[in-house]
Amino acid sequence: MKKIDLHIHTKSTVSDSNFEFSMDSMIKFVEVNELDVIAITNHNIFDINQFNEISDKLDCVVLPGVEVDIENGHLLVITDIENLDLFNSQCESLSALIKTENDSIDYDQFTNLFKNYKDYLLIPHTQKDPKISQSTIEKFNENIVCGEVGSNGKWQVTYKNEHLLTPVLFSDIRIKDETKDDHDYYSVRNTYLECNEINISNLKDTLKVRSKVHVNKEKLEGFFEIGDNLLASTGLNIILGKRSSGKTYILERLAKSEWNNVKYIQQFELSAGSKNDKFDEKLNQLYDSMATEYYKEFDTVVKSCIKINNKENNLNINSYIETLVEFAKVESEKNEFAKAALYSSENYSIISIVEVETLIDAVTNIIDAKTEYKEIIEKYLIREQLVKLHNELLINKIGKQKSNIIINETNDVLNNIRLELKKHSNIPQITEFDIIKFAKDILRIKKFNELVEISKKEVTKKVDEEFGFKIIRKREMYTGPTDLNNVYKPRVKFGDAYPLYENPYEYLEKMIEIGVENSSIHKLFFKVTFEAQNQFDKKLSGGERSEFILLDKLKYNELDEVILLDEPESSFDNIFLNENIATKIGELAKTSTVFISTHNPNIAVHLNSNNIIYTTNDDGIFKSYNGEINSSELKGKYGVVSTKTVLLDLMEAGVDAYNKRKEIYKNENI
Amino acid sequence: MHTIKERKYIKMKIFKIEEGKAYFVSEDGNWELVNNITAQKLKHLISKSFYEDITFDEETDQNKISNPASRIIYNKLIDKLKSLNENKEDIIREVEQEYKQAFEKYSE
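Protein sequence lines, in the order shown, are assigned to chains A and G. Following the numbering used here, the numbering of the first sequence begins with 1 at its first residue and continues without gaps. Following the numbering used here, the numbering of the second sequence begins with 1 at its first residue and continues without gaps.
Hints were generated in silico from the structure; no laboratory data involved. Mixed in with the good hints, there may be bad ones.
Partial pick of chain G residues on the chain A-facing surface, computed with a CB cut under 7 Å [what the hints assert, rightly or not]:
| no. | residue |
| --- | --- |
| 1 | G20 |
| 2 | I46 |
| 3 | Y51 |
| 4 | I65 |
| 5 | L84 |
| 6 | N85 |
| 7 | I91 |
| 8 | Y99 |
| 9 | K105 |
Given the structure is predicted, the values throughout are model-derived calculations rather than measurements. Don't be surprised by glycine CBs; every beta carbon is placed ideally from N, CA and C.
Using the sequences plus the hints, can you model the full thing?
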């Protein structure tokens, strides 16, 4: 039989996370896994120089290959060494077409690049992502004889179905420069072929016949290799042994193997997680979405209250009243002004003195005439009468001037009065006040306060059942700032807010002021927590909490290829593991590969395991053996051990102790 | 929680005109001159109008407010409260609807 691995990566490409190739790791990988044939299959590239270097260093057959992105799936293309140069050239053309991780060629492009593809070994991803579609596979007809699957479980299922292509399982490993123990190089994806001479033609012929293809040397169905000459069942495996016999070492090694997804539940996770405060914290995390759902309507109400700008509302109403009163005062005073005669009176006109001044000047000229005209004037006018006329005119003018002074003064007063009257006619505007909006906000605040009072009332209610336990939701008030801090972690001054706890709207305003995020404020009026109770309506015991945690960790296992459990019984009240857990493990083993380490053989029996891996420390040498529970022997690289002896030894603390107890049982009629 | 159906309407006069003077009802139930209105007192009148059927005196030829400033204040406030009164049912209905689901859920 030949052990083959036709899917190995040695170069980092756009389809890989970055890694550095190590020749030492390559050599070690082949050596530890005892490979007879490998293929170098990097994503869409072929490095002929590196290939030749690898070939030179290894003793096994090294075949040139490439993993091609075709029609959004992956296809391994492998050829004989004789085609090396042509293949290299074809891959260069391929590389030119695929530059990014999203690029892909189609069937026509492929057949154009690899015109002689019928001479190559083509292995599509069938039960492995990214899958090649059935329609693409059909295009290749009889040139595809097998399909790569993603796990030992899938291999078993596919192998049994004669209608599907022969499954093959390869490591798909990146040969990295890293420090590892030899044991860490073991691959858990192995394929054996009943084939002698290795060439593409022979490989194809062998792969057509599923009975010639195996995943372990012993050709056992339902088992696969995990290194160190050990086999594991694709179902339930119990790693059995005394303390410090190497059980955990095997689990740790398995945890590091190249699975699609592995869930490793370590012993301390159950014991640490089952402590009261940790458990409560975990439970509330699990039911956080239920808490969110419970708070939903209250959150909506709080958000609408946050939008109320109470300060602005108060400013508005204050401004409205002030301006209303002012307006009323001024508006009413304007009517009195309008009534005042002076408000609409005209000014007095000035009396003209131009005429009298002209007359006075004329009379003054006649009186003061000194020339030839004096005699003519005196012939007709008596000088004395002229003087009297002049004086009377002067008196007249002075009288007018006196009147004008009074008129001017009066007009000044009139102007001032009218100016003052006009000032009071600039009536102020009343500020806009939306009484409807204001009233709505008052009512909202009132309703909010009522709602919070109702919501603070303590209420407990069963809301769920999980793993046979009741889940109780409790609603209650907060007891103080510390209680608030337990729910809202960012550091804010809850000490300033909590005194207002009895006044919900003011409390809300304070929360905003101290910087609590709007998205979290709704959680701080009443507390919602969850508690698990057993059938007696009591809080769970330590063992019950462990059981809950374990079952929760095992809840969503659809993607788990492998599940590892480290001594679960040490965390429980019942050393046999109760029915819930036993049932769950049985279910898991149908779809995932399960490894449970224990020093209690009753568990192996109770759980109906498919495979026992027995570990022992023999004078400092760690030895391991495996076999089915109903087989007489367990086998390993150190030989065989009797299954009965192993179970008795572990169960009954040895044969002598068993014989002594046998007498007791007989005497007591047990 | 008061719903529209459950509320009892009480006829309550909050504004009156008496002997030429205009008054409003204050928080302690006494009548105050309308010129003494403040924001706080108006808030109280608005709150009162939700759960009581409010009434007020209208100014008539027989019942006039003698002080012009008082008349202006009185009539402006009446207009506002009238507008509120007309929309009261809608406001209450709207706010109660906003809170309905929350009250139903948390009144366990």
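Hint-by-hint comparison with the structure:
1. Because the smallest distance between the Cβ of G20/G and any Cβ of chain A comes to about 14 Å, over 7 Å, the interface hint for this residue is violated.
2. Among the interface hints, the one on I46/G holds; its C-beta lies about 5 Å from the nearest C-beta in chain A, closer than the 7 Å criterion.
3. Look at Y51/G: its Cβ only gets to about 10 Å from chain A, farther than 7 Å, so that hint breaks.
4. A hinted interface residue such as I65/G counts as satisfied when its beta carbon comes closer than 7 Å to some beta carbon of chain A; here the least separation is about 11 Å, so the hint is violated.
5. Given the 7 Å rule on beta carbons, the hint for L84/G holds: about 5 Å separates it from the nearest Cβ of chain A.
6. Because the beta carbon of N85/G sits about 10 Å from the nearest beta carbon in chain A, more than 7 Å, this interface hint is broken.
7. Checking I91/G against chain A by beta carbon gives a least distance of about 5 Å; that is within 7 Å, so the hint holds.
8. The interface hint given for Y99/G holds, since its Cβ lies 5 Å from the closest Cβ of chain A, which is under the 7 Å cut-off.
9. At its closest, the beta carbon of K105/G sits 5 Å from a beta carbon of chain A; the interface hint therefore holds under the 7 Å criterion.
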